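K.L.:
These are the residues of each chain, in order.
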Amino acid sequence: MLAKLILLLAVLPLAHASEGAGSVQTKYFDISIEPQKKVFAPGELLVAKITVTDKNTKKPVLGASVLAELSIYQGGDVEKIELPSESGVYLIEQKLLNKKIVAGAQEIGGGVYELVREVDTEAAWGGITLKLTVTKEGKSDTLTTVISFMEFTVWKYALLVTLAAIAIGSGVGFIFGGIKH
Amino acid sequence: MFEIYLPIANLTVNGLEVILLGLLVGFLSGLFGVGGGFLMTPMLNIIFGIPMNVAVGSDLTQITATASSGAIAHRRMGNVEVRLALLILAGSVFGVQVGVQLVNILKTRGLSDLIIKEIYVVMLSIVSFILIAEGWKARGNARKAIANGGEHVRDKIEFGLGTRIQNIKFMSMHLHKAEVSIPVFIPPLIGFVVGLLAGIMGVGGGFIMIPSLIYILGIPTLVAIGTDLFQMVITAASGSIGHALSGNVDLYLVLLILAGSTIGAQLGAKASRKVSGEKLRLIFGFMVLAVAVQLLHSVLKTSYL
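Residue numbers (my numbering), protein chains in the order written: chain A, 16 to 196; chain B, 2 to 306.
No lab work stands behind these hints: they were computed from the structure. From a predicted model like this one, the values you see are computed outputs, not experimental measurements. Idealized CB from N, CA, C, for every residue including glycine. Check the hints yourself; a few may be wrong.
[Unchecked claim] What follows is a set of in silico ranges between Cβ atoms, one per label pair, in the way DEER data are often shown: (1) A/G153 with B/A272: 57 to 63 Å; (2) A/G124 with B/F3: 47 to 53 Å; (3) B/V294 with A/K53: 31 to 37 Å.
Chain B with its partners taken away, still in its complex shape (with noise of 0.2 Å):
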């Protein structure tokens, strides 16, 4: 029952389970703010036996979509700012490109599956930690701010890149909404290394792009995420063009995601208020790093077993 037959990849999947699965995933994208990727691309190969590059390909798709309907949502909102994104674009769009062309020489070689897990458990590992560390010691500051009687500011981030980059006067730019003032030369480097892992990994980039933006550069977390959805709809729209003309972008596979994911995002924005941004970035670090430890499993796996 519910079995749909995917053209593309090949094979026999259980609709249902993918929608739940897009649902589950699309919630807590919603939650963090991010397009959820980094979640659906190994989970749609481990749960389902989809082939690395078509999962990589159908899932960039489906970002697109829930990038432009998030996009839409954070601009209304005000949480964009337009010059930031801009900048980001100019480098990401030519890293996506790179990162589709890898994929597919990986792809020739028969090792697509293998390197894009291991690039994963790398990346996963190091923005897990991060993000633990940073919500451990800013939830400990908030409670040592609320003992002492202060007022307790939600959301600041303290760490110290950010301060030194702010402080960069050669070629810089104020941003109003995000209230910080930043080199240009920055956002592309910045767009080019996360567009390279989107096209590598078939992610829109969030859970790299939003801790670099808010770490690196300092940005608030809601101009953040806004202007990552902003940046976000062109890069994986750019990807998704691009891994469709190599025959990685399996139709039925992403409107069967879609449908799941589009409704949980919502659900998540809803339920993101009333959570606060320490505690959303620790249980975020978390979930990521639970995700890292089942692909380093699959990696052992494949490669010793």
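The following block holds chain A by itself, in its conformation from the complex (with noise of 0.2 Å):
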């Protein structure tokens, strides 16, 4: 049995492996990304810092094109599509998971670029997907992170999501703490 289920821990990543996290080594660039704020709310202006330095020279990278795509969590929110047809007009309605937007960002000097964009959601909180692509004479490199947005206090998410744990935590240590090991 155990023996079975140590292989089945050796094998399980190996069967979606092409579904990894991808690449996240730049070839040509270091990128790094600073973002104004850690949380974000909806509707807020992200506000990102982009430093692009050469990975050889160590040198700041002036003139570069630096383009943002992000994808915002929408909550789920429906969209409606009015599609024209011969007999007369169709209502499409859509769910919307996430809205992609694409943005360049613009240099401010020194190697560094300043991405500005309006966290457009009416989701109460989710993730922000931001991958950069940072581009100059032919040599292209993206970087992917994650920043999250919330409509309300960090900090009641914080104690709450912790609380939360060790209340399920404790209630199911009550229930079954008899069991003697």
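Taking the hints as your guide, dock the two standalone chains into a single complex.
P.N.:
Here you go:
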């Protein structure tokens, strides 16, 4: 039984290997993303500074194209689309899980680029997957990170999830705690 | 079917698969008396593609729950050395916050996935080799003792460092449940190092703390497990709050893992009664090594392919 479990643990990740988190290692540029805040609010402006340096020379990279693809969680918001046809207009409703926005970052000097984009969402909380592509002279690197947004105070969320975890765990411990090892 | 969108990780997962992973890791953590984070965090990343910072934060929150559950059970069984747990905590609460800040720095540089995986490979390799070598030696000694007609004393740890530390008389303190005397300044140091790794790796630190308590301080296995779980509640809760404030905790992911792990942990605790201490450490060692090899494969693929 135990041997089978160990084997399963070893095989499971291989079965999903192609679905992994993707490459995090860049080839040409060192890219760092510094959002103005750790957690943004829905509708707020997401401001992030992106610093690009050359991997070999360690010098700031000037005049690069820095494109950001933001995938913002929408909380299953329903979008209505009108489709014209010969017999009239069809109204289609589709559930939006995330919205993809492409935005360019402006160079502010010294290899630093600034990305400013509204956190355009109807969801109360969720994540923004930020995929940055830096291109210069035919060389291109991509970096992905996740930034969160919340409508409510982050402290409340932090305390709520942690206290809920303690409460659930303690409850299970009190119920099954009599089991002798 | 069973597809669930995780708002903060911002991706879809098969909820049933996450619950099954929770059940499996929970079973193993109940069997070996550890939080299971060292297995869960890398697996969330490798299997489901969850960003490492979200996997780390969410797993630390679910560890708070499983540690609370285990700590209550072990306190009832008299396996918790409270004074030792408090001394460890004196170091671990600082260590975990330093770890959280390091993850945030790595996240801004887009290096959190790679660096955390590399630390995992090193730590898991060291722990697995110690466990396998010591477990193998202990099994051999037990067989010899039985072959020579002597009685096999179960779960006796033979490691020189523990004895040497117990012989330090400076600021020594006697622990009644563990029946050993140790210098009071060693547990906070162990706590800081384990807390630091817990904050970086999103683990309760049981897979490092338990071998440390057994091999460095000479604490009996069951008391080491109970004491570790007791201090882990506070350390993991502190790390959970820190990660949640940084937006690294996905509530849905936490609930999915908990649905499986709480049940799995109880089943594992039942199963642990049927296996000897030496055999448990040996199996545990091979399992940790399997995860280390998987991660090494992932690191090499990311860096060189």
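K.L.:
Of the hints stated earlier, which fail here?
P.N.:
Hints that this structure does not satisfy do not exist here, as all of them hold.
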